[in-house]
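Protein chains: 2
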Amino acid sequence: MAIRYPNGRQFKGPSASKKASQREITYSNRGMTLEEDLNETNQFYLEKKRAVIHKKPTPVQIVQVDYPKRSAAVIKEAYFKQASTTDYNGVYRGHYLDFEAKETKNKTSFPLQNFHDHQIEHMKQVMIQNGIAFVILRFSITDEVYLLDASHLIQFYDQKKSSRKSIRKSDIEKYGYLIKIGYHPRIDYLQVIDSVYFKDES
Amino acid sequence: MAIRYPNGRQFKGPSASKKASQREITYSNRGMTLEEDLNETNQFYLEKKRAVIHKKPTPVQIVQVDYPKRSAAVIKEAYFKQASTTDYNGVYRGHYLDFEAKETKNKTSFPLQNFHDHQIEHMKQVMIQNGIAFVILRFSITDEVYLLDASHLIQFYDQKKSSRKSIRKSDIEKYGYLIKIGYHPRIDYLQVIDSVYFKDES
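Here the protein sequences come in this chain order: A and B. Take the first sequence: its letter number 9 is residue 9 in this note's numbering, and every next letter is one higher. Take the second sequence: its letter number 149 is residue 351 in this note's numbering, and every next letter is one higher.
Simulated from the structure, these hints should not be mistaken for lab results. The C-beta atom is built at its ideal place from N, Cα and C for all residues, glycine as well. There could be a bad hint or two in this list.
Listed below are the simulated DSSO-like cross-link pairs for lysine-lysine, each with C-alpha atoms no more than 27 Å apart in a straight line [said to hold, decoys possible]:
hint : chain 1 : residue 1 : chain 2 : residue 2
1    : B       : Lys309    : A       : Lys81
2    : A       : Lys180    : A       : Lys56
3    : B       : Lys362    : B       : Lys309
4    : A       : Lys174    : A       : Lys81
5    : A       : Lys56     : A       : Lys124
6    : B       : Lys283    : A       : Lys49
7    : B       : Lys283    : A       : Lys124
8    : A       : Lys81     : B       : Lys251
Coverage of chain B stretches by chain A, computed from C-beta distances (three or more under 8 Å per stretch; other residues unrestricted) [stated by the list, open to error]:
hint : region
9    : 237-248
10   : 253-262
11   : 317-329
12   : 373-382
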């Protein structure tokens with residue numbers, strides 16, 4: 001049987017996701033998923049007291065729970081639910097931060113099917129409350145990670161039905177910001193937040 | 203077999219939790235849990251575009267998932283995990299709000315065992331980032347709901363090991379704020395937030 005992560009995603013081993021030759025070239029990518037990299041980054045921010053950002057737990061609809069005597073309750077039947085919000089949120093310098101993170105294997109565009117109506121609606125609501133809403137997009141083949149403000153994502157998303165079903169990479173380069181990839185933290189998105197949203201403050 | 207809520211809590215029916223005579227006196231309490239009342243309140247705030255506050259999903263450690271053909275993935279074995287943060291967070295007027303909500307059947311004090319170290323640590327971290335952190339405490343017998351700033355909770359919590367294991371109700375009355383109970387929204391805590399944290403702004 002295939003080994004699976006707690007989130008249900010199949011475990012593929014460190015080398016299966018990238019060929020050895022590719023890994024030699026892209027030093028920064030150690031075969032970790034975007035989620036793992038962001039969890040590591042957020043943990044770094046937390047320890048350094050720079051920000052308090054957490055990934056929300058995967059929403060699950062629990063149907064049946066067993067309560068064996070003398071041991072922990074066991075969930076015997078449950079289903080994955082669609083999230084009504086984005087995955088990450090928290091506080092940085094008094095401001096509310098809210099984002100979703102997605103990756104693609106495409107090279108020249110980012111498919112909009114990675115986002116769903118609820119999440120777009122949520123980002124609009126956050127913007128109304130003057131929260132900082134954005135997405136982190138990774139092109140996994142080249143290990144390029146961009147921060148794109150929610151306002152731009154929403155614009156592309158709302159055009160989706162009438163026109164193309166993805167965002168051109170050239171548009172992400174134009175409207176978004178390349179995040180520098182490092183070792184610790186891996187994806188230092190607060191550096192971009194500082195320069196884009198707080199440029200007048202520091 | 204007992205019917206259970208999605209969160210695993212046993213369903214007791216609307217009348218089991220309060221006697222009929224009591225319900226006649228406390229009109230405001232319709233036998234709903236604090237969580238249900240807050241979800242209704244947050245939904246109200248969302249619809250009125252007043253704030254975007256959500257309860258985080260219950261964290262679950264998923265061990266085994268079945269993928270039947272032509273139907274949704276079924277989680278066959280999972281366990282409840284202890285949350286590393288508080289249950290509720292979101293954005294209001296540009297500010298980050300973060301809170302935990304608990305109720306007690308005690309009449310004169312609130313047991314501190316309702317909170318655990320991780321949550322207290324999280325509240326401290328939020329305060330460092332200038333987030334607004336607090337707890338909502340309900341005395342369910344009298345249906346009195348208080349908002350208490352995290353700074354006071356932390357003070358009482360840190361005294362716990364050396365002295366008493368609960369907060370006196372008189373201290374909650376002294377340091378906290380009574381939240382007006384209504385129909386729609388049920389627990390209008392933003393009214394208190396406005397008067398306590400934003401009194402100089404409006």
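Structure-based check of all given hints:
Restraint check for Lys309/B and Lys81/A: the C-alpha separation of about 38 Å exceeds 27 Å, so the hint is violated. Only pairs whose Cα atoms come within 27 Å are accepted, and Lys180/A paired with Lys56/A is accepted, the gap being roughly 24 Å. The hinted pair formed by Lys362/B and Lys309/B meets the criterion: a straight-line CA distance of about 19 Å does not exceed 27 Å. Taking the CA atoms of Lys174/A and Lys81/A, the gap is about 34 Å. The hint is violated against a cut of 27 Å.
Taking the CA atoms of Lys56/A and Lys124/A, the gap is about 19 Å. The hint holds against a cut of 27 Å. As the CA atoms of Lys283/B and Lys49/A are separated by approximately 25 Å, the hinted pair is consistent with the 27 Å bound. Simply put, Lys283/B and Lys124/A have alpha-carbon atoms about 31 Å apart, too far for the 27 Å limit, and the pair is violated. Simply put, Lys81/A and Lys251/B have alpha-carbon atoms about 25 Å apart, close enough for the 27 Å limit, and the pair holds.
With a cut-off of 8 Å between beta carbons, the region 237-248 of chain B has 1 residues touching chain A; three or more are needed, and the interface restraint is violated. Interface restraint, the region 253-262 of chain B with chain A: holds (8 residues with C-beta to C-beta distance below 8 Å; minimum three). Evaluation of the coverage hint for the region 317-329 of chain B: fulfilled, as 3 residues show C-beta separations to chain A shorter than 8 Å, against a requirement of three. A count of 0 residues in the region 373-382 of chain B with a Cβ less than 8 Å from any Cβ of chain A is obtained; the coverage claim is therefore unmet, three being the minimum.
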